[in-house]
Amino acid sequence: MPYLGGEETVRELRRALSNPHIQTDHLRYRNTIHRVIRLMSQGVDVSGLFSEMVKACATGDIVQKKLVYVFLCSYASVNPELSLLVINTLRKDCSDPNPMVRSLALRNMCNLRLPGLCEYVEQPLTAGLKDKAACVRRVAVLGWAKIHALLPNTEIDAAVVNELYGLLRDPDPVVMVNCLRALEEILEEEGGVAINKPIAHHLLNRLKECDVWGQSEVLSVLQRYRPRSEDELFDILSLLDPALLSHHVPIMAATLRLFLSLCSMLPAVCVSALERARGPLLAAAGSSSRELRYAALCHIQLLLRSEPGLMGEHYKRFYCGYAEPPYIKQSKIQVLVELVNDDNVAVVLDELKGYCTDVNTETSQAAINAIGSIGRSYDDRCLGILTGLLELKQEHITSAVLQTLRDLVWVSPQYGDAVCSALEKWEDQLQDTQGRGALLWLLGVYGDRLSGAPYILEDFIDGVRSEVSAEVKTELLTATLRVFLSRPAETQDMMGRLLQHCIEEELDMCVRDQALLYYRLLHCGIEDVRRVLQCGRRSDLSLGPLIGRPPEPISQWASIFNTLEPLMLGASSAGNSDPSTLTPYTLTSHSEPMTSDPHLMTPKLKDPDLTAPACSGQCLSLSSTLSPEEFERLWLQTEKGEFLEAYVMCPVPRCSPESLQVALQLVNIQTLAFTAPNKLPWKMYLYTHSSHTLTPHSSTTPPNTLILAEVLQAGGDGVKKVKEELIEDQENEREESVKEGEGGEERRGEMSGGVGGEDGGKGELLVRMRQYTGEKTTLTEFLSVLTTVLNAQHTA
Amino acid sequence: MIHSLFLVNPSGDIFLEKHWKSVVSRSVCDYFLEAREKALDPEDVPPVISTPHHYLISIYRDKLFFLSVIQTEVPPLFVIEFLHRVAEMIQDYFGECSETVIKDNVVMVYELLEEMLDNGFPLATESNVLKEMIRPPTILRSVVNTLTGSSNVGDKLPTGQLSTIPWRRAGVKYTNNEAYFDVVEEIDAILDRTGTTVFAEIQGVVEACVKLSGMPDLTLSFMNPRLLDDVSFHPCVRYKRWESERVLSFIPPDGNFTLMTYHVNAQNLVAIPVYVKHSINFFESGSGGRLDLTVGPKQTMGKTVEGVLVTVHMPKTVLSVSLNATQGSYTYDNATKVLVWDIGKLNPQKLPNLRGSLSLQTGAPKPEENPSLNIDLKIQQLAISGLKVNRLDMFGEKYKPFKGVKYITKAGKFQVRM
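Same order as they appear, the protein sequences are chains U and A.
Under our numbering, think of the first position of the first sequence as 1, with each following residue one higher.
Under our numbering, think of the first position of the second sequence as 1, with each following residue one higher.
Hint data in this document are derived by calculation from the structure and do not stem from the laboratory.
Treat the hints with caution; some may be incorrect.
Label-pair distances were calculated between CB atoms; the ranges are [said to hold, decoys possible]:
#1 A:Thr331 - U:Thr9: 41 to 47 Å
#2 U:His201 - A:Asn256: 31 to 37 Å
#3 U:Gln492 - A:Asp41: 52 to 58 Å
#4 A:Asn256 - U:Pro198: 35 to 41 Å
Simulated crosslink set (BS3-like; lysine-lysine; CA at most 25 Å straight-line) [claimed, not checked]:
#5 U:Lys208 - A:Lys337
#6 A:Lys303 - A:Lys131
#7 U:Lys316 - U:Lys353
#8 A:Lys413 - U:Lys393
One side only, chain U facing chain A, incomplete, derived with CB under 10 Å [as the list claims (entries may be wrong)]:
#9 Gly279
#10 Ser288
#11 Cys298
#12 Gln301
#13 Tyr327
Here the structure is a predicted model, which means the values were calculated and not measured.
All C-beta atoms in this analysis are idealised placements derived from N, C-alpha and C, irrespective of residue type, glycine included.
Working from the sequences, and respecting the hints, build out all of it.
Laid out in structure tokens, this is it:
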């Protein structure tokens, strides 16, 4: 901050500080120092006054001392030599009869933060640990933590550490908590304070004496303690029980977290703890501080992942107020979607309908998406609301509605007719890329039923020259071709124009390639085109996409409860911050990444050790979710990417689909859809993200790449049949690419030869994997993980 | 834990910084300021922002951002609560929490922050402990200080640390022994356009001001304790007795504190004290509209409704209003599009009414969204849930204290949709 006349003022202050008349006048001296501090707080560089201020330090006036210390601590690092002068005064103060002066001197001695001065500080600090006054001990204890932070490489004397452990039994609760804090920092490399039974019980018994902050810290340290017996565990729990209802939200949250970690083996206790904490959590969600409200909402979302019924009857508490900030509204909307049940669906939909016209576009889009996802499991009232919104003719609403409709009909094709009748009168213009993509997709799929489809397409084709988004153009190509199949007479001419433009003038390679592909496809004859582009509605009803998530086990999220992570999750799913501010950087890794060794490629692993520590530097993660249609799009797009096909020696899992899904989730593989267990041919769709963590050549590989996989039962002629049924459209193409890719062929031979060669019978599954970029090793590693899980599931 | 604190005003100037560990450059705030730029309203800035090396946790309060820089994993609720405590402390010391007040008392704020945290850990945050170390400014004292040269800093140890009960000082002495309890209830409600209650709950709090000598042991009982859901107490309350007998038994802290907070959820129990008759319509031609509002008392249990204030968030296209109020006065802020109608006391015989015309931006389409109104009100001597204190008994001391209970009902987030 520029401050005019700064230098002049500093000079004037220097004169004043060294003026003997002022120095003798108590009051004027202090006022001058006041002015120095004031300037300092405004950002003026007053470090030039350091030596004058050092002199001002030697005074009996405690206020003046305090002020000078504030100054010295701010500028000590600029003047290390001069700071040496202060040490003497400070050490003298450390033996002052007034405990206030002693603690002040001790605190500021450590706050100078000069590594060179540490040797002078240690002696008074050691003395301070034994001081009579609690306030000196408080400061001395934390002083050791500061010294450790200054000199991270030198070991703190073991005697001091022992002394600190001893002070955990200090009569003053603040000294006790400060000891914990200091030991946590000093022993960070050893994993913090060692909590044994006597210490844990001592801390628990004195919990009530601490202030709120202390309690919250003691509770978090206690998480490392594991009770020896069930009796001890329940004693601890009953001691902690009242704290679950504390009106200090931080304490309630810390207690709940401790409960969850202590009772990880006793799910029933966890559930009842959640029920007890529900009241305070709901109260926090209605608190007057909006930040607290937001944090509580994010944590409620976590809870609902395991206990969807927990808040059921309280859904009205999550209604949005008009003046609430968008980030709160968006997380409330997400909570509301989770709380929908048969009884309240109508009321909630009415409420959500009101939010669709919110001033904030992101909030209204979130509400529209919410209605869409309710529509997947509940009746078509949702559809009425969505189509009604189209009539508002608000650009952002229309775009969001179209995207939602696209997602909805993909999952529930029975809504097709209603969507068609809504689109029948379409005459708007859309600017939004996403929205236009969705519109084109709908036009393509329902081209035969929408009388106006060719005319809307024509508008798009006329404007294709000014179109910037490649995404819209590829969508346009597909849609035009699909409409051409059903209504050739109206579409032929404009399709010719579009193909010509895309092939001859288009600069984007993907669009051009796609246009060329279609052009050649058309040469093959209309029947082939039909076979490729119109293989029914893409969503296979028998697949039964996983609509509602099954409740997760509490342990899945217990470790991130009461940390910053739920808040960051909330922010990312609410989508209100752009990717640049939303780095995937987290301070704690909450789930142990699943890793595997690339050399252990035998599909039958001897030991299905699912939580093996990182050894190969590759791990899988579920960093972002994929919708079914995205999966399909990517599957088709990754034609050119890495491709691997393998036979795995493993029978079709007989366990329930849900348990298989949970098992796969544990190793961070997401299941998108699968058939019922006894239905033939059995198939399953999976995806995951692979990321390289420690590999030396990580700079050459992208940090995070998506892997898509399809698992088919390979029994008998099932494979061939399925191949034709499912991805017929570009089957030939892919077969070619496999043969061209020399490695692929070899590897496949290796794998099927080694494992399933002689026995191609019932016990085989075919796994097809695709990855956009990346190398074969990632795919083979993924495969080994998958095989392990499948085998483990079978043997279990 | 808490590395640094920055105070930022809504226009994005950092006017105070305090570092408890090493100095963090101001440039870390750029991530926050960027988010601030993007948000339309200062309230819309998300409370947690992650940067490559730090987390920034901020609260927005009294038109100021309190921005803390965090370097290690911490419970977010803890930090948020602490920041609120800082704001409350400034409010407590200087009467208000605003940029000018902080700038005027910058040295004292520095001292306070120094005492509240050491090495990033909360040290002394209790108001009465802090006030013993740093005395709050009063006009009289600052005059006396300038004349005599005495200080605002206490030079004796806070005595609170020596008592066996952490929340109470030892050896308290008063000449007038008194205990006052305020039962404050806030109604949070959403009413839809027909006047039916969409959602309603009461958030209640019992604030106490206890100035009793020695170590008194108090017992407070209610006429109808079963009314309460979700109670939470000050740590001094013996929870076991509440569970078995539904009475509050406690050794109180000295001075002001919050004894308990509670909720009343059951919707049929929540009385709605006022009703609003409203109509707002915009002409199809798009150039204007009409507004008509009437407020009247509904279930007030015979008490008068005071301090009624109606706030209407108008659609963005409303340019100006020309209205006529039969009672009170109204203002319309064109920048924020907020219409505020200050009614005052409700008179059941003559209901206040506000009507007139609205003029819209020319050419703008008819607004899609109907505005909503927020109502602020106050009812003295009534706890709207019907909660009543039965009696207060004191044990452990000989003297006879002076006791008093006051009830007040306020509107919390009270919203009517139009």
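Note to self: Output the indices of the hints that this structure fails to meet, ascending.
What the structure shows: Of the numbered hints given earlier, those the structure breaks are 5, 6, 8, 12, listed in rising order.
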